[in-house]
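Could you put the whole structure together from the sequences, leaning on the hints where they help?
There are 2 protein chains.
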Amino acid sequence: MGKVTWKPGTMVYPAPAVLVTCGSTPADWNMLTVAWTGTICTNPAMLYISVRPERHSYPLIMANMEFTVNLTTEAMARATDWAGVRSGKDYDKWKETGLTPEPGEMVKSPAIAESPLAIECRVKEVLHLGSHDMIMADVLCLRADDRYIDPSTGAFSLKDAGLMAYVHGGYYSLGELLGTFGFSVKKHR
Amino acid sequence: MGKVTWKPGTMVYPAPAVLVTCGSTPADWNMLTVAWTGTICTNPAMLYISVRPERHSYPLIMANMEFTVNLTTEAMARATDWAGVRSGKDYDKWKETGLTPEPGEMVKSPAIAESPLAIECRVKEVLHLGSHDMIMADVLCLRADDRYIDPSTGAFSLKDAGLMAYVHGGYYSLGELLGTFGFSVKKHR
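In order, the protein sequences belong to chains A and B.
The numbering of the first sequence is this note's numbering, which starts it at 131 and goes up by one.
The numbering of the second sequence is this note's numbering, which starts it at 131 and goes up by one.
Note that these hints are calculated values from the structure, not bench results.
Treat identical chains as interchangeable: a pair holds within one or across any two.
List time: in silico EDC-like cross-link candidates among lysine to aspartate or glutamate, alpha-carbon distance up to 20 Å:
| hint | residue 1 | residue 2 |
| --- | --- | --- |
| 1 | K317 | E226 |
| 2 | K316 | D220 |
| 3 | K289 | E204 |
| 4 | K238 | D268 |
| 5 | K316 | E204 |
| 6 | K225 | E244 |
| 7 | K238 | D222 |
| 8 | K219 | E184 |
| 9 | K133 | E232 |
| 10 | K289 | E306 |
| 11 | K254 | D268 |
| 12 | K137 | D280 |
| 13 | K289 | E244 |
| 14 | K137 | D268 |
| 15 | K289 | D276 |
| 16 | K133 | D276 |
Note that the coordinates shown come from a computational prediction; the quantities given were computed from them, not determined experimentally.
Next up, the structure:
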């Protein structure tokens with residue numbers, strides 16, 4: 131029993147599996163599934179997506195230097211997988227997945243109506259790392275589905291949205307709440 | 131019903147909540163909880179961690195330009211939360227959490243014995259973004275707990291390790307498998 135050593139690999143899990151939307155007009159709006167994404171700074175709020183330059187969406191992002199990150203749910207698992215396997219060069223991904231575009235607030239790229247949260251972004255810097263370019267971006271605004279906002283408290287419950295996680299080739303639902311931030315140091319009453 | 135617009139925020143979820151270990155000798159080995167982490171390139175395998183420079187672990191990472199990312203599980207939820215709230219300046223985090231350090235293979239920083247997978251990293255570049263520095267690193271090797279390796283097939287099952295996800299202030303277990311990569315285009319037989 132113990133640890134065995136393997137060659138380098140990409141094993142930071144669980145990862146999100148977001149749908150990145152891009153394009154400047156309804157005719158060229160596209161989506162792309164991205165698991166290599168995350169927050170890189172709290173203040174200012176910044177995130178990254180790492181994308182292979184040969185992907186159909188890559189020049190669409192670069193044309194406007196804008197994109198939108200749409201969080202994905204259990205109900206979107208099939209569409210998310212499909213959009214990651216197929217190319218917008220060959221298919222109208224909106225038609226094929228049944229997902230619904232809606233205009234952005236501060237960017238030309240659309241949000242996905244079925245997503246509980248869309249994060250509108252402007253590209254700040256692109257780093258060529260190898261297979262992937264890391265696209266670093268400022269978060270311009272968040273667009274939250276009001277279905278998950280408690281009208282009495284204003285609290286936004288992403289848990290109720292049924293977010294999905296990606297782990298080493300598998301899409302998983304989220305299970306039980308194990309604790310909230312700081313629970314390990316809270317006094318018992 | 132629809133989307134409401136909010137000011138920028140850090141909402142790329144679910145995120146991992148990894149334990150980053152650092153330091154060069156058993157006396158200064160420390161750990162730090164990081165949710166702002168992810169894969170940034172597949173080939174070469176690279177990841178990032180974003181850390182506030184004022185954290186106790188920051189100079190420990192910079193001293194050797196090495197660190198280890200340890201994936202976390204449901205069983206590690208309390209320790210992971212605790213290591214994120216408390217500082218190694220004030221506590222011996224190993225003693226307080228009960229987690230067990232073991233020597234690294236290619237780095238001076240330790241792995242956590244209780245973690246199913248340790249990712250040994252060498253710092254490549256540091257970007258000062260604001261509240262957080264983004265530390266980009268090459269993955270040197272993976273160290274996998276053989277408890278999760280099927281002896282007959284050699285397959286590594288992170289699912290069996292009970293990985294934990296972090297969503298907007300909450301730690302969650304993973305739930306059911308919704309599908310595997312490519313399931314949306316597989317022919318039904």
